[in-house]
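Participant: Using the hints, position chain B against chain A.
Residue numbers (this note's numbering), protein chains in the order written: chain A, 633 to 665; chain B, 14 to 516.
Hints are computed from structural coordinates only; laboratory data are not their basis.
Check the hints yourself; a few may be wrong.
Derived DEER-like restraints, expressed as beta-carbon distance ranges [what the hints assert, rightly or not]:
{"no.": "1", "chain 1": "B", "residue 1": "164", "chain 2": "A", "residue 2": "633", "range": "26 to 34 Å"}
{"no.": "2", "chain 1": "A", "residue 1": "661", "chain 2": "B", "residue 2": "164", "range": "48 to 56 Å"}
{"no.": "3", "chain 1": "B", "residue 1": "307", "chain 2": "A", "residue 2": "633", "range": "20 to 28 Å"}
{"no.": "4", "chain 1": "A", "residue 1": "642", "chain 2": "B", "residue 2": "81", "range": "48 to 56 Å"}
Note that the Cβ used here is the ideal one computed from N, Cα and C, for glycine as well.
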Amino acid sequence: MKTSGIIMMILMLGLVWGGFLYCLILTARRGRS
Amino acid sequence: MAKGIGYQGEPDIEREMAKTREYFSSRWGLVLTALGMAVGTGNVWRFPRVAAANGGGAFLIAWLLFMMTWSVPLVIAEFVIGKRARQGPAGALGQLIGKKYNWMGAFVGLCTCFIMFYYSVVTGWCLKYVLLSATTGFPEDPETFWKAFTRTGHWEPILFHLLAMMAACGIVSRGIVSGIERTNRILIPLLFLLLIGAALRAVTLPGAVTGLNYLFTPDWRQLAHYRIWLEALSQSAWSVGAGWGLILTYAVYMREREDVVLSSFTVGFGDYAASLLAGIAVICTVFAVLPQTEALRALGAGNQGLTFIWIPRLFSRIPAGRFFLSVFFLALSFAAISSLIAMVELAARMLIDLGMTRRRAVPLVGLIGFSLGLPSAYSLRIFDNQDWVWGLGLTVSGFFIAFAVIKFGAGRFRRELINTPYEPYPVGRWYEFVMARLIPLEFAALITWWFYQAITVYDPEGWWNPFHAFSVGTCLLQWGILIVVLMMVNRQWAHRVFELAEA
Numbered sequence: 633m634k635t636s637g638i639i640m641m642i643l644m645l646g647l648v649w650g651g652f653l654y655c656l657i658l659t660a661r662r663g664r665s
Numbered sequence: 014m015a016k017g018i019g020y021q022g023e024p025d026i027e028r029e030m031a032k033t034r035e036y037f038s039s040r041w042g043l044v045l046t047a048l049g050m051a052v053g054t055g056n057v058w059r060f061p062r063v064a065a066a067n068g069g070g071a072f073l074i075a076w077l078l079f080m081m082t083w084s085v086p087l088v089i090a091e092f093v094i095g096k097r098a099r100q101g102p103a104g105a106l107g108q109l110i111g112k113k114y115n116w117m118g119a120f121v122g123l124c125t126c127f128i129m130f131y132y133s134v135v136t137g138w139c140l141k142y143v144l145l146s147a148t149t150g151f152p153e154d155p156e157t158f159w160k161a162f163t164r165t166g167h168w169e170p171i172l173f174h175l176l177a178m179m180a181a182c183g184i185v186s187r188g189i190v191s192g193i194e195r196t197n198r199i200l201i202p203l204l205f206l207l208l209i210g211a212a213l214r215a216v217t218l219p220g221a222v223t224g225l226n227y228l229f230t231p232d233w234r235q236l237a238h239y240r241i242w243l244e245a246l247s248q249s250a251w252s253v254g255a256g257w258g259l260i261l262t263y264a265v266y267m268r269e270r271e272d273v274v275l276s277s278f279t280v281g282f283g284d285y286a287a288s289l290l291a292g293i294a295v296i297c298t299v300f301a302v303l304p305q306t307e308a309l310r311a312l313g314a315g316n317q318g319l320t321f322i323w324i325p326r327l328f329s330r331i332p333a334g335r336f337f338l339s340v341f342f343l344a345l346s347f348a349a350i351s352s353l354i355a356m357v358e359l360a361a362r363m364l365i366d367l368g369m370t371r372r373r374a375v376p377l378v379g380l381i382g383f384s385l386g387l388p389s390a391y392s393l394r395i396f397d398n399q400d401w402v403w404g405l406g407l408t409v410s411g412f413f414i415a416f417a418v419i420k421f422g423a424g425r426f427r428r429e430l431i432n433t434p435y436e437p438y439p440v441g442r443w444y445e446f447v448m449a450r451l452i453p454l455e456f457a458a459l460i461t462w463w464f465y466q467a468i469t470v471y472d473p474e475g476w477w478n479p480f481h482a483f484s485v486g487t488c489l490l491q492w493g494i495l496i497v498v499l500m501m502v503n504r505q506w507a508h509r510v511f512e513l514a515e516a
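So here's chain A without its partners, still in its complex pose (with noise of 0.2 Å):
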């Protein structure tokens, strides 16, 4: 694969499902409603 490839691949997954399961993190710590 090549560099840019494999440098785009972790930013987005890193950005995307990184903030998703940040998100998910901070819900969870807020406890229920």
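Facilitator: Quick look at chain B alone, frame taken from chain A:
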């Protein structure tokens, strides 16, 4: 006249309960239900195709940018407007900016209802394909099968459209917590698991790396082309579902102390995360199984062609293909049904706001939804026309939501309605700039671009003709009729929903 009230301290719980009767049982219930609305067929069948056709990595950058400059800001606005008004879109926009603008909210709601009529047909196709892949399997040539299945007048799409509508109405009729929330609590985690399974299978196929290269390797020159930006904006707008009135409807059942910013970002990131998984699953499988020229032909076959013709072909060529084909169509069905549920709830909410009980409103929505979806189930040509007209109409809906925020005052909206004492993650002034400046600009660019496509590519000869499927004329005629009718009944509609809200 706009009421213009901002945050006023502790809510009057009795008043709130009288208006809505039901709330989501927990924050997770709300987030999973909102995710169910956002993740739909567009994530699975449109994103992989559009991302692959528009420069892969370069497209992804533009797509990510529009999450912050279109989708998430509009989702925040919808959450706030619905939570404040405790009414569906028709009454909610009127409450925010005045009765004379009630028709704008009604347009937002009815545009999504028109989508529901044919989206139920799509959900029916998905259910048929789940059944087929899990039982007898596909015939030798999926293309012949698809053409026979969707030929004009065939009874099967009508039957599955009926089943889809009955399933969605059955769930919505059980109410917010027992019906909608409970279903999404099961469907959405399963949907993500199925997508993760499909993506893992795809990346472990020999040759899958070609697909990963195609999806992620950026062609920077593409960023200089306006087409990439407009395709990315269109994908973000249609995928997240911001500005359609669906989040606004779910927000009616949020508790007063519930914050909106975190939930909005969860919806945005969750929708994008599902798209990336679907993109990896589809594109890696396409490139692993087919030579490059044929792979590009498959990805260029349109939403229906890629999903219902090429996917069965591809999965028949991989080990345990039939099992993974069932997984794919099950994920697609879950995505479709969770979005259809949101649309049925929106339509039911609009009737409830006019004084009907849920018990009566939901069967009526089912009856109307089935009847008005029949033409799309009967003929693909009518389906395509409705998808073109009301799909593009959603950008108008997004603009109307932004207009409401601008009319109310973007700064005041941010300070008084978003950044309440219940909000642990207040938004900054960037929000005002996006709502007041960028979204109107993006809307203008989107409408111009898609009309330009109709005039130059889809129908250069008859772009003005309102009876052509993909013309500018058909959009203007159908939107125009709806807007004129809504403006004519605006006074009575507004009077009715405001009277009931006050009661």
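Participant: Looking only at beta-carbon atoms, does the pair residue 164 of chain B, residue 633 of chain A fall within the given range of 26 to 34 Å?
Facilitator: violated, 43 Å
Participant: Just tell me: holds or violated, for the beta carbon distance of residue 642 of chain A and residue 81 of chain B against 48 to 56 Å?
Facilitator: violated, 20 Å
Participant: Should the hint that residue 307 of chain B and residue 633 of chain A are 20 to 28 Å apart at their CB atoms be regarded as holding?
Facilitator: holds, 21 Å
Participant: Would you say the C-beta atoms of residue 661 of chain A and residue 164 of chain B sit inside 48 to 56 Å of each other?
Facilitator: holds, 54 Å
Hints 1, 4, counting from the list given before, are not met by this structure.
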